[in-house]
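Based on the hints, put chain B in the right spot on chain A.
Chains as they are written, first to last, in my numbering: chain A, 1 to 476; chain B, 477 to 952.
These aren't lab readings, by the way, just hints derived from the structure by calculation.
Just so we're clear, the structure is a prediction, and the values are computed from it rather than from any experiment.
One thing to keep in mind: the hints can contain errors.
[Said to hold, decoys possible] Where chain A lies over chain B, by a calculated footprint (3+ residues, C-beta under 8 Å):
1. 590-601
2. 856-869
[Stated by the list, open to error] To spell it out: a stretch of chain A is covered by chain B in this simulated footprint if at least three of its residues, at any positions, have a beta carbon under 8 Å from a beta carbon of chain B; those stretches are:
3. 158-166
4. 287-300
5. 312-320
6. 436-445
7. 448-459
[Said to hold, decoys possible] Far from chain A, some chain B residues (derived; all Cβ distances over 12 Å):
8. R824
9. I945
10. P949
Glycine residues also receive a C-beta, built at the ideal position from the N, C-alpha and C atoms.
Protein chains: 2
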Amino acid sequence: MTLPAEHTFPRVSPALLERAQAALEQVLSPGQVRRDAATLESYAEDESDSGVYPPDLVVFPENTEQVSAVFRTCQALGVPFTPCGARSGKSGGALPLLGGVAVSLERMNRILSVSGEDLTAVVQPGVITGDLMKAVEAQGLFYPPDPNSWEFCTMGGNVAENAGGPRALKYGVTRDYVIGLEWVLPGGEVLRVGRRTIKGVAGYDLVGLFVGSEGTLGVATEITLQLLPKPRHVKTALVIFDSVHTAARAITAVLKAGILPRTLELIDDVALQAVDGRGFNFPAGAGSAVIAEVDGNMEEGLFAELAWLGEICEQHGAREVLVAQDESQREKLWAVRRVVSTALRSLRPHKISEDIAVPRSRIPDIILALKKMGEELGLLVATYGHAGDGNLHANILYEGPYQRALVETAIRRMLELTVSMGGTITGEHGVGHAKREYLAMEQSEAVLELQRRLKGFFDPSGMLNPEKIFPAPKCS
Amino acid sequence: MTLPAEHTFPRVSPALLERAQAALEQVLSPGQVRRDAATLESYAEDESDSGVYPPDLVVFPENTEQVSAVFRTCQALGVPFTPCGARSGKSGGALPLLGGVAVSLERMNRILSVSGEDLTAVVQPGVITGDLMKAVEAQGLFYPPDPNSWEFCTMGGNVAENAGGPRALKYGVTRDYVIGLEWVLPGGEVLRVGRRTIKGVAGYDLVGLFVGSEGTLGVATEITLQLLPKPRHVKTALVIFDSVHTAARAITAVLKAGILPRTLELIDDVALQAVDGRGFNFPAGAGSAVIAEVDGNMEEGLFAELAWLGEICEQHGAREVLVAQDESQREKLWAVRRVVSTALRSLRPHKISEDIAVPRSRIPDIILALKKMGEELGLLVATYGHAGDGNLHANILYEGPYQRALVETAIRRMLELTVSMGGTITGEHGVGHAKREYLAMEQSEAVLELQRRLKGFFDPSGMLNPEKIFPAPKCS
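So that you can see chain A by itself, here it is in the shape it has in the complex (with noise of 0.2 Å):
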C-alpha cells in the first residue's frame, strides 16, 4: 500500500542538480553515477509504504574512498544525499525526502574475512545478511540477527537500523554482534571506530551510537562482526491455544519459569484463520499460536526442555504441543509463520504493519486493547510477531483509501496505547520517516532536542539524510 506523501519537500534545482552530476562524474567513473527514469524510480521507494521519493541521480561508490568523496562533493554543494542498501526498510530511513544523490551501498558487497578462532567477521556494507549468515555456517559460525528481510536486506542496512529478528529474544539485535566500524562521517572523513576484540571499553561507545543511527550519522563502509559458535540442534515445537490472551500469559509463564528459547513467535486468531488451510490445519477451536525453538549443543537436553516448555503450556491452557521431529516437519511450522504476512493481505486488500513493543507483563493487555480498539473503529487487527520479548507486529487490514483517515487514527491510537503501557513506537524497524511524527509521544521535547543537537553536531549543514526520525521542533 502506498499512501501518498502528505509533505512536499523543497527540490534540488537544475541548475544545481547538473553541477552535482558534473561534480560526481570527476569521483566516479560513468557506470556509477545514473539518472535515467528506470533507476530513479527504483530507489524512490522502501517497503515502508510510505511514500514515493524519487532521487534526482543515483551514485554507485565501489570503495570508502568514493564513498568518502561523493560525501565531499554534496556537502560542498549543498545537495542532499541519502544512504542506501536493498531497500528493504520498514520506516523509510532509505527514502531521499528531498530528492538529490541516492548513495547506493550496494556494490561494496565482499565479505572480507571469515575467523573460526577469533569469531569474528569483517563485511562491505552491501553484503545480503543471508549471505553471510550461510558463509559463516559453513564454518560451524552463527551470526544470529535475523530480520525476516534476511534473503535481501543487507548488512550495511543493518547496522543503520539496528536490525532484530525472532532469535533477538535469545541472542540480541545487530549492535550486540558489531563490534568495529568503519565510518565514513557526513563530511566524508574516514574514521576507524570500535575495535577488532570480543572486549573493550577504550573511549566513549562510538559504534553503539553509529550502530541504529538510520543514516543520518553517516555510513559503515566496513562492518567487524563477533560471531558466536553454531548451536549443533535446534527443536521447533507449535504450541495452540484457545485464545491469544491465554497463549500470552502462557509465554510469561514459559520465561518465568527459567527458560529462554531462541523464539517465541505469537499468532493471534486472526492471523490464525488467515493461514488456517494454507499448508497447516488448525484443529477447530484453536485461537492462537506459538512458535517456540530451543537451540543447543545437547541433542536430549533440547528435547527435554521442549517438553518442559509444553508442559508449561499445558498448564496454562494450551490445547496442544505439536513438536517437529525432523527438518522438514520444522520447516512445515515455520512455514506457517512466514506466510502470515501474506495471508492477511487475503482478508481484507490494505493491511498497515505497526512494531510496537511493550514491557513482557503487558502483551495480554496490550493485545486485548487493539482488539477492542479494531472494534470500536470498525477495523481488523491482527497481531503477530516476537511475543517473547514484547515485540509484536500489530497489523491494520482495511478495505481502501476511502478509511486512511480511520487507519491514522487507529494507528496514533495504538502507538498511545503502547506508550500508556511503557511500549516503546518502533521494537526494530526505526523511526526514519514513517513514524517520526509520533516519536514525541515516547520521548520528552528536552531528549529530542538533545538528539537534533548531536545530528547537527556531526552534519551541521543537514544534508546527510534530511528530514528523518525527529520531529520538526515545536513551536513556543
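Here is chain B on its own, set in the frame of chain A:
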C-alpha cells in the same frame, strides 16, 4: 602500590571553595556536605593505584533533584566536580584530579523494583552489584555481569565503566543489560533515555553512549536493567595443563568446537605457582590451569557438555580434568581463581595489573610475548583472566619503587604488543586517568578529537570529571 602523581594539576582557590561550600549547603542539608580530613582522604583514591587526589569537598545527594542541583551549582561557580560510587574502579575514573567536589552517589542505594514477568529491574546508582544479584536471584532471575568487585562496587559505577567480569564470555557486559537511564547531564538537566522494553530502536542510542562514558558525560540516577531467567544448574571444571601455551590453544579449540561456556578463566604458570598449596594442591608438572563453567536448565546436558569440553582439552594436551561434583567442590575450584591476585603479592612486594584484550586467536602469542618481554626486562609477568574472550589481566611484579622506570617501560611495551596484535589497551577497566596517555596507541587523532569534541558538546565548560580518558591534543 601508589605511584606519586606525575602531573600537578591546578587546584580550586580557597575563596571559590568557600563560595562553593556555601552554595552547596543551600541545596543540600548539613550532613550531606563534608570537608573533614578523614572524608577527603577516603575519597582521594580508588583501586587503580594511580595516585592520591583528595577532593576539596564531598557531597552526598540523596535524590535526582539534589544531584541536578549540585551539578548546576558547580557549573555556575566553575568548580570541577567528579562523580563517584564505591571507588573500586581500576582506572582512576572517580579520582577528582583537580580537586573540587566529589559527588558520591552512595546514598541513592535503593532497588526500586524487580519484575519477574517483565524480566527487568530498576535500581538507584548506589546499589551494590552483589545486592542486586542476590535480590534478583531470590526471585529466580539472573543479572549476569560479575565484575570481580561485585561484593562492594555499585551499579552506578558499573554503568559508568561498562563493567565486565568472567561471565561476559557468554553473557556480555553491563551495556548489554542497561535498557533505560535517568541521566543528569553535566549542566544539571535531567533526562529519561532508553526504554522499559527489551527491544527498542526509537532515536539514537543515548543509553549506549552514556554507559561506559566513565563519568564524563553525566551520571545515572536511575538504571533500568534487563534480566534473564536464572539458569537452574551450573557445572564447573578445573583443567590442568603443562603450559600456558597448551592451555591457550585448548581454549581456542573448545570455542571453535561450538561450546560456549559461561566462563573460561586462565591461570598461567607464575600465577599457578603462587596459588599452589593455598587450599589447593596442583599435581607436579602443572604449568597452567583453566576454570571452565557451563550453565543451563538441564543437568545431564551440562555434564555431557563439560565432559565434551574435557575431551577436547585432553586432545589438546590437558593433563587432568577435575569436575566439581557439588557446590563445595565448585567453591574450592573458584577459590583458586579468587586467590590469584593476593597470592601474586607473595612473589614480589609490588604489582601492576593491566587489562588488555586481544582477538582470541592471539591469546597464545600475547602470553608468550609478554613472558619474553618480562625476561628481557628482568621483571616477572603473570597472566590470568578471562581468556575465553581474549581479555587478560597481565601483571607486572616488581621489587620496589626503584624499578618504576622499568615498570613503565614494561607497561608501554605490553600495550604496544597488544595493539600490534589487533588488541585493545582496556578490555573492561576503562581508560580514566590510568591509561589516558596510552589511548593514542589504539585510536587515531581524528577519533580522539571527535570524542574530545563530543565531551565538549555535552560539557562545554569541562567542569565534569576533568582531565580524563582523552590525552591532550598533540601540538603540531
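Hints, verified against the model:
Check on the segment 590-601 of chain B: 6 of its residues sit with their Cβ under 8 Å from a Cβ of chain A, so the three-residue criterion for coverage holds. A count of 4 residues in the segment 856-869 of chain B with a Cβ less than 8 Å from any Cβ of chain A is obtained; the coverage claim is therefore met, three being the minimum. Closer than 8 Å: that is the beta-carbon criterion, and the segment 158-166 of chain A has 3 residues meeting it against chain B, so the requirement of 3 holds. Interface restraint, the segment 287-300 of chain A with chain B: holds (4 residues with C-beta to C-beta distance below 8 Å; minimum three).
Residues of the segment 312-320 of chain A with a Cβ under 8 Å from some Cβ of chain B number 0, which does not satisfy the need for three, so the listed coverage is violated. Figure legend: the segment 436-445 of chain A, annotated as covered by chain B; annotation consistent (4 residues with Cβ-Cβ distances under 8 Å, at least 3 required). Coverage of the segment 448-459 of chain A by chain B holds in this model, with 6 residues showing a Cβ closer than 8 Å to a Cβ of that chain against a need of three. Against the 12 Å criterion, R824(B) stays outside the reach of chain A, whose nearest CB is about 27 Å from its own CB.
The beta carbon of I945(B) sits about 6 Å from the closest Cβ of chain A, which is not more than 12 Å, so the claim that it is off the interface is violated. No beta-carbon of chain A comes within 12 Å of the beta-carbon of P949(B); the shortest separation is about 15 Å.
In this structure, the earlier hints numbered 5, 9 are contradicted, and the remaining ones agree with it.
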